[in-house]
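Chains as they are written, first to last, in this note's numbering: chain A, 4 to 292; chain B, 56 to 475.
It should be emphasised that the hints constitute simulated quantities derived from the structure, not laboratory data.
Careful, some of the hints might be misleading.
[What the hints assert, rightly or not] Under the rule of at most 20 Å between Cα atoms (straight-line distance), these lysine-lysine pairs were calculated in the PhoX-like manner:
#, chain 1, residue 1, chain 2, residue 2
1, B, Lys258, B, Lys423
2, A, Lys121, B, Lys368
3, B, Lys423, B, Lys203
4, B, Lys233, B, Lys203
5, A, Lys121, B, Lys440
6, B, Lys129, B, Lys392
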Amino acid sequence: MSQLLLFNVTNGLIIGAFYVLMALGLSLILNLSNVINFAHGGFLVAGGYIAYTITPYVGFWGALLVAPLVTAAIGLAVERVLIRPLYGRDPLYGLLLTFGLAFIFEDGTRFIWGAQGKPVTIPAFLAQPLSDELFFITGYRLFMVVMVAVAVGLLFVLLRYTRLGIRIRAGTLDLETVAALGINVGMLRSLNFSVGVFLAGLSGVLAAGQLGLEPTMGAGLLMPSFIAIIVGGVGSLLGTLLGGLLIGVASGVTAVFFPQASEAIMYVMMAVVLLIRPRGLLGEEGMMT
Amino acid sequence: MASHRISDNVSRRVLLKGAAALSGLQVASPFIIRARGETSVRVGMVDPMTGVYAAVAQNEVSGAKLAVEQINAKGGILGRPVELLVEDSANDVGTGVQKTRKLIERDEVPFIIGDVNSGIAQAMAQVTAEKKTLHIVAGGHTDGITGKDCKWNVYRVCNTTRMEANSVSDLLFTKYGKKWHFVTPDYAFGHTLQEACAENLKKLGGTVTGNELTPLGTSDFSAYLIKARAAKPDVLLLLVQGSDMVNCLKQIVQFGIDKQIHVAGTQQELESLNALPAEARIGVWMFEWYWKQPNTPHLAEFVADIRKRTGGKVPTARTWFGYTAMYSLALVANREKTLDSVKLAQALGDFELPAEVKLQPNKCYYRKGDHQLMTSAFVGEALPKGAGDPEDLFRVDTIVAGDKTSPAVSETGCTLQWPA
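Turn these sequences into a full structure, and let the hints steer you where they fit.
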C-alpha cells in the first residue's frame, strides 16, 4: 500500500505540473486584465490541433515551438478585437464573452477537424516508461514536467528581470499609476494576454501528445486550473504553482482509496480552502474584494 | 515569485460564479438541422452532438439521414415525406429531456430516436411513455431500458450490457485468465456492464481483483492504472467508451501495461480505434456491427452510400444503429398503415428486419417480450493497421447471434404495461 501511495503521489505531482502550466496562463490574464478567461481551454485545444496539423511539415519539435506561437497570435487578435473594448466594464462582460468564445472554439474545432478524436504521435524515445518499476513515469511525462519547469522558470525571469515583466507586475498592482507614467497600457495588456495564451497553446501541444486530441478536451482540463488558482490564492502566481501541484497530488492519492472521488476531491479542497482561508493559501489579505 | 494584486472589481465571488458557469458549458446546445414541410412525417432524434460522445452521435445521425433519403425515394411513410429533426442533448440528462419534450409538444413528432447516453435514454423514455410516443433507443446500452424499466413504447436497437458481457466472457476467461480488473465509467451503462461481467466471471469460477469507477470525461487514467497493475490481474477489462476509451488505452500502452496484463473489454467502436495511434489498437473486444463481412447481402451498397456522404469514411456500428432505428419505424408504419403509437408498438414485437436493413448474416428481430433487437455480436481483435483499407481496424473472428447472447425475457426483469 505504501508503494502504491508513493506511486500516486509522484503521479499526482506530474498531473499537477500540467495543471500549473494551464493555471499560470489563466492567472496572468486574470491578474493584469481582470478577465476570467473561459476560452483558455479553447486556446489549449487550438494549440493541440494546430500542432497536429503542422506536425507532418515541421515535425514534433517544430510543432512544439510553432503551435503555441500561432495560438498566441490568435490570442493577440482576440484580445485586440474582442476583449479590449470590455476593459473597464464589469468583469462579468469579459466572463460572458470568453464563455461564448469557448463554445465557438469547441464547435469550430469540430467543424474544421471533425468530432472524431485524432491520434497524435510522439517521438518514439519519449513513449517508453523509465523502468518496469516506475512504469507510470514515461519519457513523455517526464518531458512534460521539464517543459513546465522551464516555462515556469522563464516566466519568473520574464516577470522579475525584464522591462516587460516589471511593467506587468507594476500594472497588476496599480494600472492607473503605470498608465500615468506613460506606459502604453493597451500594449502591455495585449502582450500579457499573448503570453498567457502562449502557455495555453503549449499546454495543448503537450496534452495532445499525452491524451490525443478531442474537441471537448479543453473544458475538462480548464476546471482543475481554475481550482488551482482559487486554492493557491487569486493574484499569486506562486500560489497557482502550489495549488496546481496540491490538487494533482490530492487527486492521485484519493484514487488509491476512493477512486470515485478522485475528481470531487479537488472541489472539496476548494471548498475547504474557501471556508478556512478565503484568500487562498498564498493569496494576501485584502487582495480581493 | 511575487504575488500580484488583482483589481478590486474582480471578486472571488465573480470567479466562483464563473467556475459554476463553466460547469454549465455542456448544457446549452445548438439546433442542428431543419428542413420543414407541411405534410411530412417528422421524426425527432435526440443525441449528444457535442461532448464526449459527439463522434458516435454524429454517425448515428448520419445513418438515420441516409435511411430518410432512401425511405423518401421509395415514397416516404404512408405516402408522406419523412423529415428528420435532430436535437443536441449535449450529453446532459436535463437537456435531453427538455429537447424530447420540445420535439413531442412543439414539433408534434410521432416518433423519437435517441440517446447514445444510457442515462439520458432512460430519462427520455419516461417522457415518451408519458406522452405515448413510439421511441427507439438506437445506442443506449444499459440493461434497464429493455429490462426492469422497460416500457410499452420503447424499443432498442443496440445490444444490452448483458448481451455484450455474454458475448466475450467465456472467451476472455478461457483465453486470458480468471482474475479480472475493471475500469468502469461511473454511470448507468458502466454499472450494469460491470455487474454483468462480474456475474459471468463468478459463474465461471474467476475473481474480480478490483473495479475502478471513473468519472465520465476522465482525461488522465494513470492513478487508476497504477492501482490496477498493483492488483496483478490476468485481464484488464476496459468498459469505458468514447474519448475515455481512447485516453485509457493510450496510457496503458505508454505505461507498457499491455506487455504484462491482457487488455480487453466488451464493447469497442471504430470511432475509438480511429482516434488511437497504431500501437494502442490492441485487445479482444466485441463490435456491435462491422462494415466488413463476407457475403452479406446489400452490405456493399450501404457502405458505398455512406462513404459517398462522409467523404470516404466507412459506416460504424453507430451509423447502422441510426439507419436501423429510422428504417424500423418506416417499415412498420407502412406495413400497418398507421402512425398510431400503440398499434405500431404492438406491431414491432417480433418484427424481423429485412436483409437490406439488418446487414448481418444472422436473423435480426425485435423480441416481443422486452422490445430488444436480437442483433449479433462481432467478436474479434483490434488491428494496429488496416489491411487493404485504413479503416479496417478490427478482425472479426466470430459473429454470435443475438438469441445466443441475450438472456431469456424472464431473466431481464421486464414486464410491459400497455395503456388501457
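Evaluation of the provided hints:
1. Note on Lys258 of chain B and Lys423 of chain B: the hinted pairing is violated, with a Cα-Cα distance of about 28 Å set against a maximum of 20 Å.
2. Between Lys121 of chain A and Lys368 of chain B, the direct Cα distance comes to roughly 14 Å. Compliance with the 20 Å bound is thereby established for this hinted pair.
3. With a CA separation close to 15 Å, the supplied pair Lys423 of chain B and Lys203 of chain B stays within the 20 Å bound.
4. Straight-line distance between C-alpha atoms of Lys233 of chain B and Lys203 of chain B comes to about 30 Å, which puts the hinted pair past the 20 Å bound.
5. Taken as a hint, the Lys121 of chain A and Lys440 of chain B pair is honoured in the structure, with Cα atoms around 15 Å apart against an allowance of 20 Å.
6. For the hint pairing Lys129 of chain B with Lys392 of chain B, the CA-to-CA distance comes to about 15 Å; that is within 20 Å, so the pair holds.
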